[in-house]
Amino acid sequence: MKNLTPPLEMFEFLDETHKEIQIQLAQLKDMVLLVTQGRRQELDTQRLKAICDFFDCAVRQHHLDEERHVFPALIASSDDTLIAMTRQLYQDHGWLESNWVELAPMLKGLVHNNIWFNEAELQHSFDVFSNLNLEHLQLEESIAYPKAKACVWTWDSPGIGREMHLRRTLRNNTTQPA
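Under this note's numbering, the first residue of the sequence shown is numbered 23, with each subsequent residue one higher.
Read the hints as simulated data drawn from the structure, not as lab findings.
Please note: incorrect hints may appear among the correct ones.
As the list claims (entries may be wrong) - Straight-line distance between alpha carbons at most 20 Å, and here's what the computed SDA-like set of lysine to any residue pairs gives: (1) Lys-130 with Ser-120; (2) Lys-130 with Ser-147; (3) Lys-41 with Ala-72; (4) Lys-41 with Ile-165; (5) Lys-51 with Phe-35; (6) Lys-169 with His-85; (7) Lys-130 with Leu-65.
Could you build the full structure based on these sequences and the hints that come with them?
Next up, the structure:
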């Protein structure tokens with residue numbers, strides 16, 4: 023049966039991930055600063071690895087959540103401005119992934135004490151990645167999420183929750199060592 027209200031728990035979950043992205047970016051900024059200041063030996067490589075894992079896994083799942091459960095409602099609206107903004111959000115996900123694919127190997131190199139890149143390249147890649155993330159989050163929180171909540175007539179809240187949980191469970195089971 024379809025619910026006539028949006029699944030508020032889903033939006034709370036998405037909002038929590040946004041908060042965590044901001045925390046991870048702030049910690050990553052501090053780590054990049056250590057490297058660019060020549061203080062690489064002060065890096066907490068376990069924390070850096072955890073941040074990389076977060077962007078490799080949780081953030082990718084978060085983007086899938088939005089693309090499967092939030093963005094379609096916005097695309098289905100009759101508001102051309104909202105549709106264009108949603109297309110921008112989809113495109114942002116692609117750019118964020120592309121930026122992460124450029125930044126991640128440098129960060130993972132640091133985890134393994136392998137610095138094959140120059141520090142200016144690391145700083146630039148981080149700045150681009152961080153700025154795009156923060157702009158993207160602001161657009162989602164200020165327009166996309168409120169509009170999605172308002173423009174959807176029916177939501178399958180239990181089905182959405184099951185899909186999100188199952189996808190994460192399957193992903194975790196396939197990435198764990200036997």
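Verification of the hints:
1. Lys-130 with Ser-120: Since the Cα atoms of Lys-130 and Ser-120 sit roughly 16 Å apart, the hinted pair holds (cutoff 20 Å).
2. Lys-130 with Ser-147: With a Cα-Cα distance of about 14 Å, the restraint between Lys-130 and Ser-147 holds, given a limit of 20 Å.
3. Lys-41 with Ala-72: 16 Å, holds
4. Lys-41 with Ile-165: Holds - the C-alpha atoms of Ile-165 and Lys-41 are around 17 Å apart, at most 20 Å.
5. Lys-51 with Phe-35: Violated, because 24 Å separates the two Cα atoms, which is more than 20 Å.
6. Lys-169 with His-85: Holds, at about 17 Å.
7. Lys-130 with Leu-65: 12 Å, holds
Of the numbered hints listed earlier, the single one contradicted by the structure is hint 5.
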